[in-house]
Amino acid sequence: MIRNTLVATLGLSALTAMAQMTPVGLWKTIDDKDGSAKSEIRIVDNGGVVSGKIERDLNPKAKPDDKCDECKDDRKDQPIIGLELIRGLKKTEGKDIWEGGTIVEPSSGKVYKMTMTPIEGGKKIEMRGYIGFFYRTQTWIRVQ
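Numbering (my numbering), first residue to last: 248 to 391.
In case anyone wonders, no lab produced these hints; they're calculated from the structure.
The reader is advised that the hints may include incorrect statements.
Said to hold, decoys possible - Between beta-carbon pairs, the in silico distance windows are: (1) D321 to G368: 17 to 25 Å; (2) Y382 to S283: 19 to 27 Å; (3) K319 to R383: 14 to 22 Å; (4) I378 to K308: 38 to 46 Å; (5) K360 to D278: 29 to 37 Å; (6) F381 to E331: 18 to 26 Å; (7) E367 to P311: 17 to 25 Å.
All values reported here derive from a predicted model rather than from experimental measurement.
The beta carbon of each residue, even a glycine, is placed where N, CA and C say it ideally should be.
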């Protein structure tokens, strides 16, 4: 009933656009160094806290039983597929920015503070991981 009222009021395209300005969904990660697709990450919102897990490794050399050997926390030796990559992000009030969380780089085990910002109408998200004043930015592409 509420959805039908919203569709009637806003129109389907406006409702779809609103839904896309969220990071929730499936994303293809793109390496900021060589431009290659690395993985697919499923981002979910659980009570206002956003997290993301690796759903698919796109590296042709990846094996189904690969583990996070370099991780230093509770993710150490956990399977790459299903690994919780993103933890603890929360939406900044009044803005389409999610902050306050962390992201782990499985290849090095480094954990970075991060921000996430939907761009291009939610078709992409800008992921920025940083330690102190040093940061890396990647743009991920929405799969669905």
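- Between K319 and R383, does the beta-carbon spacing fit 14 to 22 Å? For R383 against K319, whose Cβ atoms are near 19 Å apart, the range 14 to 22 Å holds.
- State, for the Cβ atoms of K360 and D278, whether the hinted interval 29 to 37 Å holds or is violated. violated, 20 Å
- Item | Distance restraint hint 38 to 46 Å, applied to the beta-carbon atoms of I378 and K308 | At roughly 28 Å between Cβ atoms, K308 and I378 fall outside 38 to 46 Å, so the hint is violated.
- Query: Falls inside 17 to 25 Å, the C-beta gap from D321 to G368?
  - Reply: violated, 36 Å
- Is it true that E367 and P311 lie within 17 to 25 Å of each other by Cβ? violated, 33 Å
- For F381 and E331, compare the CB-CB distance with the range 18 to 26 Å and indicate the outcome. For F381 and E331 the Cβ distance comes to about 24 Å; the hint holds.
- Message: Tell me if the beta carbons of Y382 and S283 are separated by a distance inside 19 to 27 Å.
- Response: holds, 21 Å
Comparing the model with each numbered hint stated earlier shows that hints 1, 4, 5, 7 do not hold.
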